[in-house]
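Peer 1: Protein chains in written order, with the numbering used here: chain A, 1 to 313; chain B, 1 to 327; chain C, 1 to 283.
In short, the hints are calculated from the structure, not lab data. Even for Gly, the Cβ is constructed at its ideal location relative to N, Cα and C. Relax, there's no trap hidden among the hints.
Partial pick of chain C residues on the chain A-facing surface, computed with a CB cut under 8 Å:
{"#": "1", "residue": "Gln129"}
{"#": "2", "residue": "Met130"}
{"#": "3", "residue": "Arg215"}
{"#": "4", "residue": "Ser218"}
{"#": "5", "residue": "Phe242"}
{"#": "6", "residue": "Leu246"}
{"#": "7", "residue": "Pro249"}
{"#": "8", "residue": "Ala252"}
{"#": "9", "residue": "Ser256"}
{"#": "10", "residue": "Ile259"}
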Amino acid sequence: MLRFVGQRLLTLIPTLFAVLTLAFVLVRIVPGDPALIILGDQATPEAIAKFHEQTGLSKPIWQQYLAFLTQLIQGDLGVSMISNRPVLTSVLEVLPYTLELSLAGVFVGVALGVPLGVVAARSNGGWVDWFVRIFTLGGLSFPAFVSAVLMLLVFSVMLGWFPVIASGKPITDPWGRFMSLALPATNLGFVMMAYVARVTRGGMMNVLRSDYIRTARAKGVPASRIVWKHALRNVLLAVVTFTGLYFSVLIGNSVLTEIVFNRPGLGKLVIGALERRDYTLLQGLVVAYAVLVVVVNALTDLCYRFVDPRVKA
Amino acid sequence: MSVLVVDDLRTSLQINGGEYHAVREISFSIEEGETLAVVGESGCGKSMLAMSIMRLLPSVASITAGRILLDSLPIEAVSETGMERVRGAKIGMVFQEPMTALNPVLTVGEQISEPLRDHLGLSRREARKAAIGLMEKVRIPSAASRYSSYPHEFSGGMRQRVVIALAIACHPRLLIADEPTTALDVTVQRQILDLLDVLRTEGKMGMLLITHNLGIVAGHADRVAVMYGGDLVESATVTDLFRNPAHPYSRALLASLPRVDRDLSELASIPGRVPTLVNMPDGCRFMDRCPHAMEKCNSMPPPADVGDANLHMVRCWLYVQGGEHAA
Amino acid sequence: MSAVVTPRHRVARLAPGRIAIVAGVAIMAVVIFAAVFAPIIAPHDPYAQSMLARFRPVSAEYWLGTDQFGRDTFSRILYGLQITLWTAFASTALAMVCGTAIGILSGYHGGRVDRWVSAANDLLMSFPQMVAGIIIVALLGPGITNLIIAIAITAFPAFYRMARSAALALRERDYIDACRVLGYSDIRIIVRHLLPETLDDIIIVATLWLATAVRTESSLAFIGLGAPPPAATLGGLVRDGFDNLLDYPGLAIWPSLAILIVMIGLNLVGDGLRDANDPRATA
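Same shape as in the complex, but just chain A (with noise of 0.2 Å):
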């Protein structure tokens, strides 16, 4: 297993590179000088020459391409152009906030998707089928901040059953972190069950007609066993696969949840450097995303083995 995961990781190297490459040049094609827009437009010539020094700026771009990889390798994402401070201590701080909103939203959306999918398919063309079929269009017609914005006026603003202000809680407080995170994730899984649930549907409607639930229906099997044990675990590959894809659209869902109900996480750090044209920090950010996705990918990969025992490490 762990030479699988070693294997695995070699694999990444080339796309994360490419990634890291996209991120150093996004930075830098930005139009206007960083200087001018840090400084202001009155800065002195002199003025300006020195921050180009102390950015670097002021280097041939291989020069600085070559020294922004040999940071990032010493595990190195740069200083803010505007605080100074270390761009990875700013990353490390919210991410926690942002994983255990997606991990969160991922298992609200999986819990919820998966046996909407499983009644729809069962009942298939039936009333529930159709019901699902209209509540998951429904679904997926939500954009993110949309869905937010309404279940924060009502849940929190009419029922008050949430505060209002969800920022983060520290992690001393389980259940104030718990009351926090329970709206936003709901409402990343929300939007991510009518997805989960087509899946599921349309897989379990492929896995019913198979051999080997023929098979299992002649042993005498009960009906529910074949549909929740025999048939779903075969479903479950096709979930998890659509895990893996669906996280990067996650991702994008939670900056608009961050905004909404006012979490710390990495959208709003991306917001906020891109308001102070924070190009430092954007470019870590950048990778953070880049880092995160990957990590997913390879984990979703894992998780398939689990599942699917015909993947062999």
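Starting from the known structure of chain A, fit chains B and C onto it as the hints suggest.
Peer 2: Positioned in the frame of chain A, the structure of chains B and C alone reads:
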């Protein structure tokens, strides 16, 4: 006592408002320890017959008339949940495609243990022990260590042995084998059929062997039922049928078989093809391909009860009212 | 008794897809009508501020009330629809044309070019789409054209993949070989044979992506990266309403509903088209 009695069974398909007979007025019985082979071309209703007995018909199909008695239990009247206690317990079934017949994400042992726990009420540990015993019985080498293997780690022949193990797990009275060796290599075919013979004799099971291979019939069956277009056209003991085929279709079928004592040039194929369900003739279904077709064949199906059902039965107008017997 | 099977049942099989398409097209017809004729329908000037008419409730004069500057919410929603629909259609069209063209060329050409373009595309696809959109808009600067480009870039991979795989599959067909033997130019083979064959699939992807484009546009506007003020955008309206959520929740609810109606309309059409084209879908 008969293990299985099928009496005047009719199974129909409802498609777009039309009703089509996939199995028409079939009667036969299987005794304890006996193998009845059902032969016929693909699409003749063999599998539909097996699925009727299992009550595992697709949603468009249903049993519309007749009786199926399994150890005197009328199967056609049992509720759907009641059938869950019959399948796997009193009837075992072996399928054609061993490569896809086992669930890829469950261990082989788990799949064999499941009916043992369901029907015999064994505990997890007892079921495990019994399952390993069954795996040994179907001659899977180093059974104990392969209990936790997954189907993809088995070859086709080994997988078919697993399917057989779970079919016979609860000592069923009847074993239905639907083309059990068609998908396997010739050498493996022989082993699997021999294994089925041994298990049938040991367990005093009746066996319904569905095949289109007359060689298998000759070597492994006691009696044969020939099906054509949903009709059972002839049934007899194996020796009787091979020596004295009566129905024109049976005769044509046997004539298409190469034999050591005959010249290969005499090998005949049957002209035409099996009519599809939607344009099945009203009368005898073999009429269009039959060299002896008469006026009567077109208007009415031949009666189903010609001859002694247990000895040599043939369903053809040629044998009604002293029609000539052209052997 | 041997009934003849008429092909009529095939039509019946499409029924659920058809209902969805009809419902979706009806919704979109109303929405597009409202957007196109916004200047005629709108009871008020969407930009006219009135300090005397701030935060008015729903009334005969202000159908959906007014915002913190006394602007009519209903009129602003109609104008917001214009921007949302225009951005969505333009960006999807742009992505469709570029993605399909490059996808077909890449798949048809094959070889090293195809490998590199595909690798770049995979890279684009793996990066969180919303984050990419945010960064691209922020870097390009505000403006509807930049918004369209940014959304088109995030939509590009779907069309590219679709067109490329279709071209790859078709390339191996005998009749395409026959065309080559006849000496037809590549352009002619692509335009006359490959393109028509892939068109159905491309249109389905386009309908589904229209919904995604609406989602991306309104999300960016909500973040503050949409069409610059004073233009009214649906996402921007939700944002404004969100700032006054505790006191005037209607300001966030109405534009949210407008977005939902557009999304449901587009999803119904896309869903229905996909269903009607799926040979495995049975009712």
